[in-house]
Each structure stands twice: as C-alpha cells, then as structure tokens.
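Model the full assembly from the supplied sequences, consistent with the hints where possible.
Number of protein chains: 2
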Amino acid sequence: MKHLNAITISIGDELLSGKTVDSNNAFISKQLDLIGIPVIKKIIIGDTAQDIKDSLDWAFTQADVITLTGGLGPTHDDITKSVLCDYFHVGLKLYPDLLENLKDRFARRGFKFSEANTSQAEYPDNAALLDNPFGTAQGMHIKHNGNHLFVMAGVPREMEAVTTEQIIPILSKLTQTSISKIDIHSIGVPESTLYEFSKPVLDKYSDLKIAYLPKQGMVTIRVSYPSKSPHEDQKFKDEIFGRIRNLKPKNIYGRDEEVLPVLIGKLLKKNRATVATAESCTGGLVASLITDISGSSEYFQTGFVTYANETKMSMLGVQEQTLIDHGAVSEETVSEMLSGTLSKSGADYALAISGIAGPTGGTEEKPVGTVFIGVAHSEHQNIKRFQFGTNRILNKEMSAFSALNLLRLLIEETNQ
Amino acid sequence: MKHLNAITISIGDELLSGKTVDSNNAFISKQLDLIGIPVIKKIIIGDTAQDIKDSLDWAFTQADVITLTGGLGPTHDDITKSVLCDYFHVGLKLYPDLLENLKDRFARRGFKFSEANTSQAEYPDNAALLDNPFGTAQGMHIKHNGNHLFVMAGVPREMEAVTTEQIIPILSKLTQTSISKIDIHSIGVPESTLYEFSKPVLDKYSDLKIAYLPKQGMVTIRVSYPSKSPHEDQKFKDEIFGRIRNLKPKNIYGRDEEVLPVLIGKLLKKNRATVATAESCTGGLVASLITDISGSSEYFQTGFVTYANETKMSMLGVQEQTLIDHGAVSEETVSEMLSGTLSKSGADYALAISGIAGPTGGTEEKPVGTVFIGVAHSEHQNIKRFQFGTNRILNKEMSAFSALNLLRLLIEETNQ
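Each protein sequence line maps, in turn, to chains A and B.
Counted the way this note's numbering counts, the first sequence spans residues 97 to 512.
Counted the way this note's numbering counts, the second sequence spans residues 97 to 512.
Derived from the structure by calculation, the hints contain no laboratory data.
Careful, some of the hints might be misleading.
Unchecked claim - Here are the computed lysine to aspartate or glutamate pairs in the DMTMM-like style, where the Cα-Cα straight-line distance is at most 25 Å:
{"id": "1", "chain 1": "B", "residue 1": "K462", "chain 2": "A", "residue 2": "D200"}
{"id": "2", "chain 1": "A", "residue 1": "K199", "chain 2": "B", "residue 2": "E287"}
{"id": "3", "chain 1": "A", "residue 1": "K149", "chain 2": "B", "residue 2": "D147"}
{"id": "4", "chain 1": "A", "residue 1": "K305", "chain 2": "B", "residue 2": "E110"}
Following this line, the structure appears as structure tokens:
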C-alpha cells in the first residue's frame with residue numbers, strides 16, 4: 097500500500113489539431129482522483145511511434161501509474177500496439193477467442209472479414225487484457241519496473257467502461273486512501289445559488305471535497321470523502337443527501353445513478369403505473385430519455401410527437417379554437433394535450449410540452465425559450481411556464497428534464 | 097518564411113484533477129492549424145515552479161512556437177510571471193499606465209485597491225505585451241533563441257481574444273502554409289472496411305493527412321491538405337468527396353456540416369416534402385434528432401412512439417393477427433406501421449422502426465440488436481433487417497441513424 101501518482105498520455109492527431117476536445121483525460125483524472133491517485137501531468141501527442149516512445153520514457157521516470165489512450169484500431173493511424181511491442185521488446189500474441197468474436201461480429205452485420213482485421217485480436221504478450229464491453233479493442237495492463245501502464249481505445253464510451261470497470265478496481269487495491277463519493281443531482285437551480293445554500297451544510301463536515309458539475313442545464317454536487325466502512329459510508333451518504341435534499345426538495349431529486357429517467361422508472365414501477373407523453377418542442381426527446389432505460393416498456397407504451405397544430409388536433413383532440421385564441425404555446429393548449437394524452441393512451445400519468453425551442457420563432461410576449469410543461473393524473477393537472485435561453489438543443493434538454501422532474505413530483509404527491 | 101510547429105502548455109490544478117476540461121488548448125490548436133502551424137504536443141501541468149520550468153525546457157528543444165496558458169492572476173496559485181523572470185533571468189517592469197487603469201477599475205466597482213494588486217501591472221522585462229480586451233492580465237510575447245513564447249491568461253474569453261487578435265497576426269507573417277480540411281461522413285461501414293476501400297483513392301494524392309473518426313456507430317474520414325486558393329480548395333473538396341462517395345454511395349452520405357439530420361432537412365425542403373415517424377425500440381430518438389434542426393417544423397409534423405403492441409394497433413392500425421403471426425419485431429409489422437403512419441399523418445414519407453434494443457428480450461431467432469427499419473413513399477416501401485450489438489443506447493443510436501440514411505436514399509431515389 098502506498099501513495100501513487102499518475103500521468104495521462106493521449107494519442108491522436110485530431111486532439112492536436114483541436115478538432116476534438118480531449119475530454120477523456122478529464123474523465124480519467126476524475127476517476128483516479130476519487131481513489132486518491134492525483135494526476136500530476138497530462139500530455140497529448142500525435143500518432144507517431146517516436147512521440148509515443150518518448151512520452152513513455154518521460155512518464156515512467158515521473159509517475160507510478162500511466163494511462164495511454166487512443167491509437168487502438170484497424171486503420172493506419174492506429175499504431176499503438178506495434179509501438180508497445182517495440183518499446184517493451186515483446187511480440188504480439190493472438191487471442192483465438194477474440195478472433196472468433198470478431199469474425200462473428202462481421203458475419204452478423206453482413207461484412208466480409210479481411211485479414212487486415214486479424215490484428216484486432218492480437219496484443220503485446222506482456223499485456224493482461226481488460227474487457228471492453230463496447231468495442232473490439234480490448235484494454236491492456238502492462239506492469240513495468242513496478243509501474244503500471246494502462247492502455248485504452250480513445251472512443252469515450254469504451255474508455256469510460258474500461259476505466260471504471262477494470263482499471264479503478266485494480267488500482268483501488270494498490271492505493272492506501274480509498275475515497276467514496278456521492279453525486280447529488282439538482283435541477284432548476286443555478287450553480288452559484290446551489291453553492292450558496294449548500295455551503296452551510298457542507299461546511300459542517302471536515303475532509304470533504306466538493307465539486308459542482310453542470311450538465312444539460314442541471315447541476316450535480318459531487319461530494320468525495322475518505323471512506324471508512326461500507327456501513328459508515330452508507331450512513332454518511334444518507335445523512336448528507338437528506339440534509340441537502342431538505343433544503344430544496346423540489347429541486348434536489350436524486351443521488352448517484354438515480355438520474356431523472358431512472359428515478360421516474362423506479363417510481364412508476366413501484367406504483368404499477370404508466371405514463372404517456374405528448375411533445376411539441378422537445379420533438380420526442382422525453383420519450384427517448386424514458387426509453388433509454390432497460391425495462392421501460394413496463395411503464396411506457398405510448399408517445400405522441402405533435403409538432404404541428406394539425407397533429408395536436410387530430411392526435412390529441414386539441415380544439416382549433418384553443419389554438420386560435422391562445423396559440424400552441426400556452427397553458428390552455430398544454431391542458432388539452434394532457435387530457436387528450438390520458439384519454440387516447442389509457443395511461444395513468446400524462447406529460448405534455450409546448451414551447452419555442454428557437455433560435456427563431458419568438459415574440460415579445462413569448463420569447464424564444466418560453467415553454468409550457470404540464471403533467472396530469474386523472475382529474476389533476478399541474479402546468480408551469482418556464483423561460484429558458486436561446487440555444488435550441490439546450491432548450492430541448494432543459495424542457496425534457498424539467499418535465500420529468502414535474503412528473504416525479506406528481507407521482508410522489510399522488511402516492512403519499 | 098519557414099515551416100513552424102508548436103507546443104501548447106496549460107497550467108492549472110483544476111485541469112489535472114479533471115474538474116475542468118481543457119478546451120483552451122483545442123481553441124489554440126485550431127487557430128494555429130489554420131495558418132499552417134501544427135501543434136505537435138500538448139502538455140498540462142500543475143501550478144508549481146519546477147513543473148513550469150521543466151516543461152519550458154522540454155518545449156524549447158522541440159518546437160518553434162510555444163503557448164503557455166493559465167497562472168496569470170492575483171491569487172496565490174498564480175505564479176507564472178515570477179517563474180518566467182527566474183527562467184529568463186530578468187526582472188519585473190512596472191507599466192504605470194496599466195497601474196492607473198487597474199486603480200480606475202477598482203474604483204469604478206467600489207472596491208479598495210490594495211498593494212497586492214500592483215503586481216497585475218508588472219511584467220517580465222523581456223516580454224512585449226499583447227493587449228487583453230477582457231481582463232487585467234496582458235498577454236506576453238517573449239523571443240528566446242529564435243523561438244517564440246506566448247503567455248496568456250487561462251480565462252477562455254481572454255485567451256481567445258489574445259490568440260486571434262494578437263498572436264495569430266504575429267505568426268501569420270512568419271509562416272508559409274495554410275491547411276484546409278474536409279470531413280466525409282459514412283454510416284454502416286466498419287472503420288477497417290472504410291479504410292481499405294478509400295485507400296486506393298486517397299493514395300493517389302500526395303500531401304494528404306487522413307484520420308478516421310468513429311462516433312455513434314458511424315465513421316467520418318477527415319482529409320487535411322495544404323490549401324491553395326479558395327477556388328482550388330473548393331474544386332479539390334468536390335473532387336475528393338465525389339470519388340469517395342462513388343465507391344459506396346449508399347454509405348457515404350455527406351460532408352462537413354451535412355450530418356444526417358441536416359441532410360434530411362435539406363432534401364425534404366428542396367422537394368417540399370414532409371416525413372412522419374413511427375418508432376418502437378428507438379422510443380422517439382429519430383423524431384428528436386430530426387427536430388434538433390432549426391426549421392424542422394417545415395417538414396416534420398407528426399411522430400408516433402408506439403412502444404406497446406396495443407399502441408401499434410390503436411395508433412397505426414397494425415393488425416392483431418400480424419403481431420400474433422410474425423411478432424412486433426418483423427418485416428410484416430414494420431410494413432403495416434409504415435402504411436399506418438402515411439395514412440394517419442398525411443406525410444409524404446414515413447419511417448418506421450421495430451427492434452430489440454436490449455440488453456434483454458432477445459430470442460435465438462431474433463437476438464438482442466435485431467432491428468427492422470422501413471421507409472415508405474406512397475405505394476413504395478423499403479424494409480431492411482439490421483443486426484446491431486447488445487448495448488441498448490448504441491442500438492438506439494445505430495437504428496436511428498440507419499433509418500435516417502434509408503430515408504435519405506429513398507428521397508434521393510424518388511426525386512431523381
């Protein structure tokens with residue numbers, strides 16, 4: 097057991113040219129930081145053998161743990177494996193089961209398997225392989241003079257899976273400090289406000305590391321702390337989540353993996369209830385978020401994307417006069433969308449959204465970013481007006497997540 | 097005039113811990129790349145004197161141009177200027193006009209000016225100052241043994257202004273080449289296959305730099321080349337895109353900003369046509385992708401999310417017997433979804449998807465990742481069976497983009 101430090105190396109011309117922002121390194125740093133392994137330097141280099149070797153030399157003299165990301169794939173710009181063989185004076189080893197998987201994969205998709213692809217089943221023979229659930233390029237763990245080199249593909253989803261499922265468990269065993277964390281999710285509160293009202297609670301504890309992570313218009317508070325026993329960690333998490341949540345129960349909705357679509361699923365399943373959606377400006381995003389969760393067919397059967405006024409009338413029974421009198425973006429229209437959704441779908445809960453996603457289409461009375469969001473359960477409706485910004489994609493996301501939060505509150509309220 | 101290269105150095109503990117993603121470096125790289133100065137390495141280091149000096153030593157031996165970002169400000173972790181004085185053996189020079197500005201600034205905001213802030217008007221005396229319009233920390237240009245060091249604050253807006261308004265004009269005078277790029281987008285071809293069939297075409301040109309960038313199950317080929325005149329660049333882009341596209345016109349669908357939802361929008365607008373969607377396993381993702389594009393209400397009015405069999409029947413008129421005989425995930429069901437979508441929506445084109453997103457729900461005959469995707473235009477239908485993998489989110493994305501590509505082909509075919 098000792099204190100370890102780390103250097104991250106990223107390979108890729110697209111990172112050097114600035115076309116791609118290197119978010120991989122930030123992800124790896126955060127994960128290492130959580131188990132008490134600080135990253136002391138990061139370097140980004142091109143797809144050239146000499147640069148890779150030089151940076152390995154450079155890194156091995158300074159750090160205990162080195163991560164190397166990118167350059168694993170079948171095309172000519174992917175040279176990492178041959179450089180590693182050269183660097184460590186080892187050969188490539190063929191993994192027959194990986195080759196079979198690869199051939200199956202090509203066959204299933206109806207592609208010819210060419211010999212060039214065999215290299216995807218070959219790895220330096222001093223490497224232990226780390227399972228990559230999302231791609232053909234396996235991760236590698238190479239021990240060298242007491243140091244640890246981890247090599248991964250640069251595709252974010254693959255890098256994230258290999259890091260969290262393979263590398264962190266290996267390193268956790270080697271490091272002294274073990275850090276636990278809890279993510280506390282909020283919606284509808286600016287980062288600075290969240291900071292101000294949570295500070296008095298968090299200041300009461302020593303040894304906490306706090307980060308505010310904004311994403312898709314929401315903010316997650318990440319609290320890290322030296323872990324003790326599983327039991328004490330759990331107790332601490334429950335306590336701190338309870339205290340923060342009680343400050344703003346409408347806005348602090350969940351913790352850790354309980355993001356809104358997951359939480360909605362839990363609540364609906366628990367109450368054996370279903371939901372149907374009617375979306376105008378979000379254009380299907382809410383339905384897509386709900387169905388990102390495995391098992392969502394249990395509680396989600398029907399979604400209407402009623403982008404046009406005609407569709408709001410024909411699919412949901414919104415009255416033409418309502419649209420004429422109040423416009424499509426109005427409380428009245430959303431109210432009729434809710435009633436129509438409940439009656440046409442037979443679901444227990446309905447959710448309806450109509451707004452101006454932008455960047456054009458605003459008026460003085462209803463500027464871009466004006467969105468009416470409603471949720472309903474039998475006779476009861478709750479409709480709110482929101483004012484978001486001018487970015488179309490962000491407006492869609494904020495509307496979708498705000499709708500899910502209103503639905504969360506309604507389900508909790510009706511099942512107390 | 098000569099060929100220059102560059103190294104970027106970023107200073108900041110928050111970058112190392114992963115709390116902040118280093119987007120500054122990507123910005124600087126892009127700007128340098130455009131005037132033909134490739135960034136060959138990037139390094140991110142902590143707020144320590146030794147690390148700053150070591151990386152300057154390291155960078156000066158490898159590159160002509162070095163940018164150093166961060167560590168300029170009044171707080172304790174901002175040490176860059178004193179390190180520079182030490183490194184170059186020079187003193188600090190006070191700029192009285194900057195000091196006056198600083199005092200004015202404090203007064204205007206009602207703050208007391210303390211002596212600690214005087215340092216913000218002092219700079220190493222071998223530096224030429226570069227005006228920073230958005231902050232008090234001026235940029236610096238230091239010539240050293242024929243190389244150029246540029247030092248900037250790390251605040252993105254300030255860094256961007258100093259880079260584009262000061263550094264790029266200085267360097268443009270020193271450099272010869274400028275680089276152009278084209279992105280060529282493909283779908284449904286593995287990276288290795290794309291590489292193999294495009295290689296003979298790309299090998300005919302000298303001076304090209306090629307990268308294969310995978311994302312959401314699709315691959316983009318990025319071709320960079322020394323730019324000549326705008327007219328010749330355009331001619332070259334048209335030529336190379338035409339040649340690559342002709343190799344696999346079904347799979348190579350667009351270039352640069354023409355990703356699939358954008359391209360679908362262009363094609364539908366051009367033909368004054370509309371599309372409606374019926375989604376089962378993608379759960380609204382296709383509709384959401386289509387409506388990510390501003391102006392999509394012109395060609396998209398209606399989307400059905402028919403997750404349950406009941407909804408496929410009630411909303412789209414799918415026959416119960418079809419579902420019993422062939423199952424929801426079948427060509428027959430998708431065919432009836434298409435007919436129902438066209439008749440219920442009145443749209444010119446319909447798109448329908450039914451599949452098993454996973455990770456559970458597969459059978460031997462129809463394993464997880466089996467998806468039937470269909471597109472239709474009046475009497476004509478085209479339905480294909482796809483076999484994707486086991487990851488739910490990736491299956492949704494691949495299904496959605498494959499559906500948009502089939503729609504693209506059908507629109508092109510019916511409007512020849």
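Quick rundown of the hints versus the structure:
no. : hint            : in the structure
1   : B:K462 / A:D200 : holds, 15 Å
2   : A:K199 / B:E287 : holds, 15 Å
3   : A:K149 / B:D147 : holds, 21 Å
4   : A:K305 / B:E110 : holds, 13 Å
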